[in-house]
Amino acid sequence: MNITIKYFSWIRVKLKKSHDLIELDKAISFKELKNNLISKDPIFQEIFKDDSVKYFLNLNELNDNDRILNNGDVLAFLPPVTGG
Amino acid sequence: MIKIVKESFDLENEFKNISSNKNGAYSFFLGTVRSDLSFSNTEIKGIYLECYEELAISQLEKIRLQALKKWDLSECLIIHRIGRLNLGEKIVLVITSSSHRSNSIEACEYVIDSLKIDVAFWKFHLLDNEEKEMVYQKNKDNEKMLKWREIIN
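Chains as they are written, first to last, in my numbering: chain A, 1 to 84; chain B, 1 to 153.
Take the hints with a grain of salt, since some may be wrong.
[As the list claims (entries may be wrong)] No farther apart than 20 Å at their CA atoms in a straight line, the calculated lysine to aspartate or glutamate pairs in the EDC-like style are these: (1) A:Lys17 to B:Glu131; (2) A:Lys54 to B:Asp141; (3) A:Lys31 to A:Asp20.
[Claimed, not checked] Covered stretches of chain A, as calculated for chain B (at least 3 residues, CB under 8 Å): (4) 8-16; (5) 33-42.
Hints were generated in silico from the structure; no laboratory data involved.
Idealized CB from N, CA, C, for every residue including glycine.
So that you can see chain A by itself, here it is in the shape it has in the complex (with noise of 0.2 Å):
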């Protein structure tokens, strides 16, 4: 299963990349996958850390690190926002 993570503002730029497709041979929870990604780069821990980040999962605000992710599933990162 494949899972999309988009990246925005600092933290675009902290990774250098906009987004990634994570493949995975089973469905996780959020909290996983939290787990996953900082194993591959400590960047993630700091993004992690930081309680102004809000994830938005398929648009729609996550706040269940519990919540398991299917295959499809659309993951945001996202830094306090500065529109207007």
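Following the hints, put chain B in place on chain A, whose structure we already have.
Frame of chain A; chain B shown alone:
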């Protein structure tokens, strides 16, 4: 009506698109790129606006529908630009229309205040050396939004 665009827009054309004889009032908010200083105290060259377009459209639509309902508007137009903008260029336009002015004025302020806190746009200063410097959310914008949340909920 909601638009996220790279190119500029014409105020008179946008007004014509939503004008109606039923309205007695239109309120406009136009945000533009102002000259500012970077963190290293140099004049910025302009701004760069990043957007998560699918999410921003759904967030703007939610704000628009709240404004239409709360202030009994006949229309609410929101246009936001993305990409590279020079000093003085238009960034965002909000037009609200209603029978009487108090509704359109208050609704217009609500829409732009909400947009600054709740919609997936990110602003960067453009510097002399083509580098980008992130712009941070302002506490005063967050505090203002708390006032609106009491009114809208």
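Tested hints:
1. A threshold of 20 Å between alpha carbons decides the hint, and for lysine 17 of chain A with glutamate 131 of chain B the separation of about 16 Å falls inside it, so the pair holds.
2. In summary, the hint linking lysine 54 of chain A to aspartate 141 of chain B is supported, as the alpha carbons are separated by about 18 Å, within the 20 Å threshold.
3. For a cut-off of 20 Å, the pair hint linking lysine 31 of chain A to aspartate 20 of chain A stands: about 17 Å separates their Cα positions.
4. With 5 residues having a Cβ less than 8 Å from any Cβ of chain B, the stretch 8-16 of chain A passes the three-residue criterion, so the hint holds.
5. With 0 residues carrying a beta carbon less than 8 Å from a beta carbon of chain B, the stretch 33-42 of chain A misses the three-residue requirement, and the given coverage is violated.
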